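Peer 1: Just so you know, the protein sequences line up as chains A and B, in that order. Per the working numbering, the very first residue in the first sequence carries number 1; after that it's consecutive. Per the working numbering, the very first residue in the second sequence carries number 1; after that it's consecutive.
There could be a bad hint or two in this list.
Unchecked claim - Here are a few chain B residues that face chain A, going by a calculated C-beta distance under 7 Å: (1) Gly141; (2) Pro196; (3) Leu199; (4) Asn407; (5) Arg451.
Source of the hints: derived by calculation from the structure; they are not laboratory data. This structure is a prediction, so every number in the text was calculated from the model and none was measured. Heads up, the beta-carbon is just placed ideally off N, CA and C, and yes, glycines get one too.
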Amino acid sequence: MTLLRQCDADALSRVVLILWLAGQIVLSFGCHSTQSRSYPSKPIRLIVQTVPGGLSDAVSRVMASQLELQLGVPVVCENRPGAAGAVAFLYVVRQRPDGYLLGHGPVEIAMVQALGLAQVGPKDMDLLCLVSMSDPVLAVHSASSWKTFNALVESARTRPGYYIIGNSGTGSIWHINALLLEEATRTQFVHCPFGGSAAAITALLGRHVDAVVAGAGEVAPYVQAGSLRALAVFSAQRSPVLPDVPAVRELGWDFGTPAWSGFYAPKGLPDPVRSRLVGAFKKAFESEAFQRLCRERGMRAVFLGPDEFRVFVDGQTQFFESAIPRLITRAWAVQ
Amino acid sequence: MSSELTAALTQLLEARIVGFLTAGVGLGMLFGALPGLTATMGIALLVPLTFWLPTDQGLAMLLGIYCGAIPAGGIPAILLNVPGTPASIAATWDGYALSQKGRADLALKINVFASLFGQLLGVLFLALAAFPIASLALRMGPAEYFGLGVFGLSLMAGVSGKRVWEGVLAGTLGLALATVGLDPLTAYPRFTFGLPELLDGVAFIPVMIGLFGLGEVLAAISAGVTPFGATTHRSADAPALQRCVGPVLGSSLLGSLIGVFVGAVPAAGGDIAAIIAWDQSRRLSPNREEFGQGSTRGLAAACAAANAVIGGAMTTMMTLGIPGDAPSAVLIGALLIHGVQPGPLMFRDHRTLVWTIVLLLALAALVTASVGLLGSAPLARLARVPAPYLWMAVVLLSITGAYALNNSLTDVWLMFIAGLAGFVLRKLEVPLGPLVLGLILGPMIESNLRRALVLSRGDWSTIFARPLVLVFLVAAAAALFGPVAALRRTQHNRPAALSR
Numbered sequence: 001m002t003l004l005r006q007c008d009a010d011a012l013s014r015v016v017l018i019l020w021l022a023g024q025i026v027l028s029f030g031c032h033s034t035q036s037r038s039y040p041s042k043p044i045r046l047i048v049q050t051v052p053g054g055l056s057d058a059v060s061r062v063m064a065s066q067l068e069l070q071l072g073v074p075v076v077c078e079n080r081p082g083a084a085g086a087v088a089f090l091y092v093v094r095q096r097p098d099g100y101l102l103g104h105g106p107v108e109i110a111m112v113q114a115l116g117l118a119q120v121g122p123k124d125m126d127l128l129c130l131v132s133m134s135d136p137v138l139a140v141h142s143a144s145s146w147k148t149f150n151a152l153v154e155s156a157r158t159r160p161g162y163y164i165i166g167n168s169g170t171g172s173i174w175h176i177n178a179l180l181l182e183e184a185t186r187t188q189f190v191h192c193p194f195g196g197s198a199a200a201i202t203a204l205l206g207r208h209v210d211a212v213v214a215g216a217g218e219v220a221p222y223v224q225a226g227s228l229r230a231l232a233v234f235s236a237q238r239s240p241v242l243p244d245v246p247a248v249r250e251l252g253w254d255f256g257t258p259a260w261s262g263f264y265a266p267k268g269l270p271d272p273v274r275s276r277l278v279g280a281f282k283k284a285f286e287s288e289a290f291q292r293l294c295r296e297r298g299m300r301a302v303f304l305g306p307d308e309f310r311v312f313v314d315g316q317t318q319f320f321e322s323a324i325p326r327l328i329t330r331a332w333a334v335q
Numbered sequence: 001m002s003s004e005l006t007a008a009l010t011q012l013l014e015a016r017i018v019g020f021l022t023a024g025v026g027l028g029m030l031f032g033a034l035p036g037l038t039a040t041m042g043i044a045l046l047v048p049l050t051f052w053l054p055t056d057q058g059l060a061m062l063l064g065i066y067c068g069a070i071p072a073g074g075i076p077a078i079l080l081n082v083p084g085t086p087a088s089i090a091a092t093w094d095g096y097a098l099s100q101k102g103r104a105d106l107a108l109k110i111n112v113f114a115s116l117f118g119q120l121l122g123v124l125f126l127a128l129a130a131f132p133i134a135s136l137a138l139r140m141g142p143a144e145y146f147g148l149g150v151f152g153l154s155l156m157a158g159v160s161g162k163r164v165w166e167g168v169l170a171g172t173l174g175l176a177l178a179t180v181g182l183d184p185l186t187a188y189p190r191f192t193f194g195l196p197e198l199l200d201g202v203a204f205i206p207v208m209i210g211l212f213g214l215g216e217v218l219a220a221i222s223a224g225v226t227p228f229g230a231t232t233h234r235s236a237d238a239p240a241l242q243r244c245v246g247p248v249l250g251s252s253l254l255g256s257l258i259g260v261f262v263g264a265v266p267a268a269g270g271d272i273a274a275i276i277a278w279d280q281s282r283r284l285s286p287n288r289e290e291f292g293q294g295s296t297r298g299l300a301a302a303c304a305a306a307n308a309v310i311g312g313a314m315t316t317m318m319t320l321g322i323p324g325d326a327p328s329a330v331l332i333g334a335l336l337i338h339g340v341q342p343g344p345l346m347f348r349d350h351r352t353l354v355w356t357i358v359l360l361l362a363l364a365a366l367v368t369a370s371v372g373l374l375g376s377a378p379l380a381r382l383a384r385v386p387a388p389y390l391w392m393a394v395v396l397l398s399i400t401g402a403y404a405l406n407n408s409l410t411d412v413w414l415m416f417i418a419g420l421a422g423f424v425l426r427k428l429e430v431p432l433g434p435l436v437l438g439l440i441l442g443p444m445i446e447s448n449l450r451r452a453l454v455l456s457r458g459d460w461s462t463i464f465a466r467p468l469v470l471v472f473l474v475a476a477a478a479a480l481f482g483p484v485a486a487l488r489r490t491q492h493n494r495p496a497a498l499s500r
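Extracted from the complex, chain A is given alone in its bound form (with noise of 0.2 Å):
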């Protein structure tokens, strides 16, 4: 009886043995086959730069979900907050570009390196694709005596570094929206960072701020439900989720620079796996799912391939580069 259970046990493991070495055999050459002939074989991580619940985290979210359909693969977010999204930025160029690894990139890729919070930027990337466009958009209280975006800048001239516009962020892209705002229409206001563009608009609800700049889709639901009234959105044409808002071209003005989403993978994508990525994105962008949240985000469904997405993004640094030191350097003069 005890010999027998001994044969058992040992042929038993033989059996699992010889399984498991077979299994490991197939799927070594399994593994190498597809992997020089088909790409993606394995899940594919995508790194968001900020905590999950926001608009980078959303996007991301539906893309994977859509990415998921188009390369038959799990395409998992997985959040690295912090540092205006530096940390994530760090971690993800020093990665393999191998394609298993992506990342969300917004319009900060193009600013922490002007911002000096640190030394990363869109040369450290393989650059993906642009998938959507975030406008700033000034609005006041619904009880403020502003009608017309020229009747602020009217009043802020007479009463320069008197009004108070609140903003997500020192060195935020609202903030300097907010400070472009006064560059161009050489007025001067005060501005008052808050904890993220919610905590702005609460105050600007409570009406301890005169104004404030956010995103249009942060400010389109408080302007319908009628607390709050956008003046002007700064941007050549005007934003989808507030047709009746004026574009600051319209008004003869021409500054505003918008937040946008995109994707980017550590540099160094072998060419194939470029073009497959680009291909999925490209499909997920045009998905229900991705046009709908666009929709309801108040957000501008815009896709731009690596090439154009590139020439972009290097226009975007240079345009960081000389604006943020000089409208940070003329905010200190001011005060």
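Please build the complex by placing chain B on the supplied structure of chain A, with the hints as guidance.
Peer 2: Relative to the frame of chain A, chain B by itself:
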């Protein structure tokens, strides 16, 4: 209002919600009953799991943990003299004394009933008073938040046990740590040593996990403390229960009111509420000398206050968007993940969700009480797992908990450093609560004071001329000096378990 209430009620009738709520309560009770695992930790660890759940189901689970953990924390406090969560520190004074007299069953039942009373009263407050507070909340600007922050800080500094000066020292250390990171107004890096990971400051959750989880284990190992049980159980008979109904109800009401108030104060949590309630109940009691010797009143006041904090903290969180205590700080993060920004606008944009939370809290309180009555004895046995296994689990959970928050190894190192610091501070008998409080409230006080100064164009006088700011600052002064005086008076009456 009624249509939203109906909508919320209909949602709750779904089996999945009740299922996730019960699962949350069970997990919460486990976390609460195991010393070193806190309600905050339980919520923080479970938040990532709820990413894949719809908002209401995820919330059901997280609120279940919150409501389950606090009453369960009283179980090891009563049976082993080891508080399961910080909120159950005050429950050890009379609870352990009762169980040493062989009245463990009675003590556990008082814990269940007082906890249920506290939670339900807190929820009632949330349901009835949150709306007026929400409409007032929009009028609160940076200056008022600054005042609130100072008030929160003063309460904690006052209630550092016997070691008031060490508490002030720890609080200052926390405030100093809070200066690390980008300057909130100029975005200039402070004390970051060129590390991008430090630009957002010292993350308080890894620090808290290190201080209370790893630090506690290191201290226990060095002291050679072994959790022990084997208390003789004598079941509470009907006459014994009847005799203490009156005193328990009175103390529960007093404790609950204090708990709701302290809970509504940002970042002053169940531990302080229970201590203050225990003290107030002692002062009002006809037989003071019973307190600390196994008073049913003292135990009821402590348990009710620790649990009423939930309703108070949720009110602050949902109306003002700021945490009323540590677990609700983690809950804010969880709500953000589900696309809900806690704050005044929640009552306008997510009214059904507000009612869902109210009803979930009430349901969780009832489920917790039923589970507590049925299963307090088996759960109590869990707290008697051999110490090395328990320590091992706490260390592993500390590491995974610190990493999981931001997928950051930096946070794990931060947790280890905080664990070592917690061990050293424990050895020096420095209270740890004020340190975490300084770390949490420091940025709130600093950024809001400076924002208020931007808005007043650098004029200090207009800040202090605001009536609400004055109220908070006066209350802060009272809170700072009141408990100090009270603690001095009561020092002689307390058992040694108090020093923490």
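Peer 1: Each hint should be assessed against the structure and marked as holding or not.
Peer 2: Hint by hint, here is what the structure shows:
no. : hint   : verdict
1   : Gly141 : 4 Å, holds
2   : Pro196 : 4 Å, holds
3   : Leu199 : 4 Å, holds
4   : Asn407 : 5 Å, holds
5   : Arg451 : 6 Å, holds
Every hint, counting from the list given before, is met by this structure.
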